[in-house]
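Each chain is listed here by its residues.
There are 2 protein chains.
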Amino acid sequence: MRGHLCTASRVDTECETDSDSETMRCISCKEYYSRCDAGTCKECYEEASDTEEELKREIEDLKAKVAFLRFWSPLDLHITHRSPAGPCFTDVVLIASSDDGLIGTPSVPVPAHKAVLVSRSPVFKAMLENEMEESRSGTIKISDVSYDALRSFVNYLYTAEACLDEQMACDLLVLAEKYEVKHLKAYCEKFLVSKLNWDNSVMSYAFAHQHNAKHMLETALSLITDNMDKLTKRKEYIELVEEDPRLVVEIYEAYLSKQVNTAAHKDSSSMKP
Amino acid sequence: MRGHLCTASRVDTECETDSDSETMRCISCKEYYSRCDAGTCKECYEEASDTEEELKREIEDLKAKVAFLRFWSPLDLHITHRSPAGPCFTDVVLIASSDDGLIGTPSVPVPAHKAVLVSRSPVFKAMLENEMEESRSGTIKISDVSYDALRSFVNYLYTAEACLDEQMACDLLVLAEKYEVKHLKAYCEKFLVSKLNWDNSVMSYAFAHQHNAKHMLETALSLITDNMDKLTKRKEYIELVEEDPRLVVEIYEAYLSKQVNTAAHKDSSSMKP
Numbered sequence: 001m002r003g004h005l006c007t008a009s010r011v012d013t014e015c016e017t018d019s020d021s022e023t024m025r026c027i028s029c030k031e032y033y034s035r036c037d038a039g040t041c042k043e044c045y046e047e048a049s050d051t052e053e054e055l056k057r058e059i060e061d062l063k064a065k066v067a068f069l070r071f072w073s074p075l076d077l078h079i080t081h082r083s084p085a086g087p088c089f090t091d092v093v094l095i096a097s098s099d100d101g102l103i104g105t106p107s108v109p110v111p112a113h114k115a116v117l118v119s120r121s122p123v124f125k126a127m128l129e130n131e132m133e134e135s136r137s138g139t140i141k142i143s144d145v146s147y148d149a150l151r152s153f154v155n156y157l158y159t160a161e162a163c164l165d166e167q168m169a170c171d172l173l174v175l176a177e178k179y180e181v182k183h184l185k186a187y188c189e190k191f192l193v194s195k196l197n198w199d200n201s202v203m204s205y206a207f208a209h210q211h212n213a214k215h216m217l218e219t220a221l222s223l224i225t226d227n228m229d230k231l232t233k234r235k236e237y238i239e240l241v242e243e244d245p246r247l248v249v250e251i252y253e254a255y256l257s258k259q260v261n262t263a264a265h266k267d268s269s270s271m272k273p
Numbered sequence: 001m002r003g004h005l006c007t008a009s010r011v012d013t014e015c016e017t018d019s020d021s022e023t024m025r026c027i028s029c030k031e032y033y034s035r036c037d038a039g040t041c042k043e044c045y046e047e048a049s050d051t052e053e054e055l056k057r058e059i060e061d062l063k064a065k066v067a068f069l070r071f072w073s074p075l076d077l078h079i080t081h082r083s084p085a086g087p088c089f090t091d092v093v094l095i096a097s098s099d100d101g102l103i104g105t106p107s108v109p110v111p112a113h114k115a116v117l118v119s120r121s122p123v124f125k126a127m128l129e130n131e132m133e134e135s136r137s138g139t140i141k142i143s144d145v146s147y148d149a150l151r152s153f154v155n156y157l158y159t160a161e162a163c164l165d166e167q168m169a170c171d172l173l174v175l176a177e178k179y180e181v182k183h184l185k186a187y188c189e190k191f192l193v194s195k196l197n198w199d200n201s202v203m204s205y206a207f208a209h210q211h212n213a214k215h216m217l218e219t220a221l222s223l224i225t226d227n228m229d230k231l232t233k234r235k236e237y238i239e240l241v242e243e244d245p246r247l248v249v250e251i252y253e254a255y256l257s258k259q260v261n262t263a264a265h266k267d268s269s270s271m272k273p
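Protein chains in written order, with full-length UniProt numbering: chain A, 1 to 273; chain B, 1 to 273.
Possibly wrong hints are sitting among the right ones.
[Stated by the list, open to error] Subject to a maximum C-alpha distance of 30 angstroms in a straight line, what follows is the list of computed DSS-like cross-link-like pairs (lysine-lysine):
#	chain 1	residue 1	chain 2	residue 2
1	A	K63	B	K182
2	A	K56	B	K235
3	B	K63	A	K190
4	A	K42	B	K30
5	B	K195	A	K56
6	B	K214	B	K178
7	B	K63	A	K63
8	A	K63	B	K56
9	B	K235	B	K266
[What the hints assert, rightly or not] A few chain A residues that don't get close to chain B, going by computed Cβ distances all over 10 angstroms:
#	residue
10	K63
11	E134
12	S137
13	L164
14	N200
15	E218
16	M228
17	Y237
18	V249
19	Q259
20	S269
[Claimed, not checked] Ranges of calculated distance between the beta carbons of each label pair, as one might list FRET restraints:
#	chain 1	residue 1	chain 2	residue 2	range
21	A	S222	B	E53	18 to 26 angstroms
22	B	I59	A	V249	37 to 45 angstroms
23	A	D226	B	I59	48 to 56 angstroms
24	B	E218	A	N212	49 to 57 angstroms
25	A	K63	B	W72	21 to 29 angstroms
26	B	W72	A	E46	28 to 36 angstroms
27	A	D61	B	E166	52 to 60 angstroms
28	B	E53	A	C36	20 to 28 angstroms
29	A	R57	B	E218	17 to 25 angstroms
30	B	E180	A	D226	52 to 60 angstroms
31	B	E43	A	K258	33 to 41 angstroms
32	B	M228	A	K63	37 to 45 angstroms
33	A	N197	B	N130	20 to 28 angstroms
It should be emphasised that the hints constitute simulated quantities derived from the structure, not laboratory data. Just so it is clear, CB atoms sit at the ideal spot from N, CA and C, and this is done for glycine as well.
Please construct the entire structure, taking both the sequences and the accompanying hints into account.
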């Protein structure tokens, strides 16, 4: 909160600004400010207010459009309808299958529409339009995924919405990468970047590398190279050296390049008086 | 453009504002202004800029969501694909039919997905989920509509987009009303309201009445009651008296109520000194 800066007062009925000769009253926050803290003129304030209103209207319009285009997921309908395949007109099912094919109960099929899958994923498009096995049988097997993740994945294709925790975001990012659903991949990556910290940075770095998540990779790498002194003691680091030493090399290369840049910056700064 | 108001100058290195004692420089438009034209303080300007940035980011996110949820219309696919019913997985066709059933060439069927129709319109939902004739035959006849309007209607259900002129907006509003597609109805109504003028006001009023377009009705009515002196000479007015005199009564009632309100307002104003 800005304090009152009035030191003297003078009556000035023409202006709506405060009558003190050195302070004015902000149209927006109604606080007094001195000339040093002056922001905009009235005209620009009014323009900015109009712009804000316009942007808010545009947001409302877009939200209505999203609500209209958002599909009822056959999974929602599941709850309210009698039979999964009947009134939803689904024409394909997806089944989560683990590679071992031994452990666990058989997965519940997730019903869907070919038209929706084809519309959201170039991989499903190629699969279903080219009379492959999946198109003929009406069954798509998705390996190495839990039923919950598959269900969320299909739901996202209909609604552009998902309820994420870190595990689910990783699972969905993997599926999004595999089926080329860019919008979902960006959504998961954004979530994971927001959850990045020193504790999960090495794991996240490796994960981002494996699944081609560029923004997450850069953020994790930057976190790691800022804490190099602590790195080599970490369990995840030792494991990474074992499992994928090339990724460790990339960390050192990034660190080196950062040091060189910082040194160059310092040099050029010290050249100036 | 605001002119320079400088009258004297004083060096004031602490402030970023112009050093003249009576003028400041607007952070936004970089013009000089006097205390009378002061808008916001710097803090509020910065907050407003941040808000604008945030709103713009939200708009970008929503646009990406719309692009993701927007369906490929089977009509778009028509152009790029070999057969309409094949790779699009459409399971229903809509046919424009005129009631007389005699004039004109038979309409080209418009292919669609039951799942999309059901998702966008409660009327299609009831029709297709309840094993009615349309569901069994996979053919929905739409009466009193041109092929072009039907095509645009179906396209809108997939994309939330339509290319409007006044005729098309009227045709689509009628279809939207009939099939309870609220989003499309609002879209057409907004367009038609933007095109309202004295020349089309009586027609628009009657149209809005017939199709329950409340906002359009009010705007047209307000236009008409503002021009009552010219109303009775209009051809459309004379026709409306013939065809639907109750609508004409409503015009007079609205006019009367406006007069009463204006008089009451004048009275209460004249009471004050």
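Right, here's what the structure says about each hint:
no.: 1; hint: A:K63 / B:K182; in the structure: holds (14 angstroms)
no.: 2; hint: A:K56 / B:K235; in the structure: violated (42 angstroms)
no.: 3; hint: B:K63 / A:K190; in the structure: holds (17 angstroms)
no.: 4; hint: A:K42 / B:K30; in the structure: holds (13 angstroms)
no.: 5; hint: B:K195 / A:K56; in the structure: holds (24 angstroms)
no.: 6; hint: B:K214 / B:K178; in the structure: holds (16 angstroms)
no.: 7; hint: B:K63 / A:K63; in the structure: holds (9 angstroms)
no.: 8; hint: A:K63 / B:K56; in the structure: holds (14 angstroms)
no.: 9; hint: B:K235 / B:K266; in the structure: violated (34 angstroms)
no.: 10; hint: K63; in the structure: violated (7 angstroms)
no.: 11; hint: E134; in the structure: holds (13 angstroms)
no.: 12; hint: S137; in the structure: holds (15 angstroms)
no.: 13; hint: L164; in the structure: holds (15 angstroms)
no.: 14; hint: N200; in the structure: holds (25 angstroms)
no.: 15; hint: E218; in the structure: holds (19 angstroms)
no.: 16; hint: M228; in the structure: holds (33 angstroms)
no.: 17; hint: Y237; in the structure: holds (35 angstroms)
no.: 18; hint: V249; in the structure: holds (35 angstroms)
no.: 19; hint: Q259; in the structure: holds (33 angstroms)
no.: 20; hint: S269; in the structure: holds (24 angstroms)
no.: 21; hint: A:S222 / B:E53: 18 to 26 angstroms; in the structure: holds (23 angstroms)
no.: 22; hint: B:I59 / A:V249: 37 to 45 angstroms; in the structure: holds (42 angstroms)
no.: 23; hint: A:D226 / B:I59: 48 to 56 angstroms; in the structure: violated (33 angstroms)
no.: 24; hint: B:E218 / A:N212: 49 to 57 angstroms; in the structure: holds (54 angstroms)
no.: 25; hint: A:K63 / B:W72: 21 to 29 angstroms; in the structure: holds (22 angstroms)
no.: 26; hint: B:W72 / A:E46: 28 to 36 angstroms; in the structure: violated (43 angstroms)
no.: 27; hint: A:D61 / B:E166: 52 to 60 angstroms; in the structure: violated (21 angstroms)
no.: 28; hint: B:E53 / A:C36: 20 to 28 angstroms; in the structure: holds (25 angstroms)
no.: 29; hint: A:R57 / B:E218: 17 to 25 angstroms; in the structure: holds (19 angstroms)
no.: 30; hint: B:E180 / A:D226: 52 to 60 angstroms; in the structure: holds (57 angstroms)
no.: 31; hint: B:E43 / A:K258: 33 to 41 angstroms; in the structure: holds (35 angstroms)
no.: 32; hint: B:M228 / A:K63: 37 to 45 angstroms; in the structure: holds (40 angstroms)
no.: 33; hint: A:N197 / B:N130: 20 to 28 angstroms; in the structure: violated (54 angstroms)
In summary, the structure is inconsistent with hints 2, 9, 10, 23, 26, 27 and 33 from the numbered list given earlier, while agreeing with the others.
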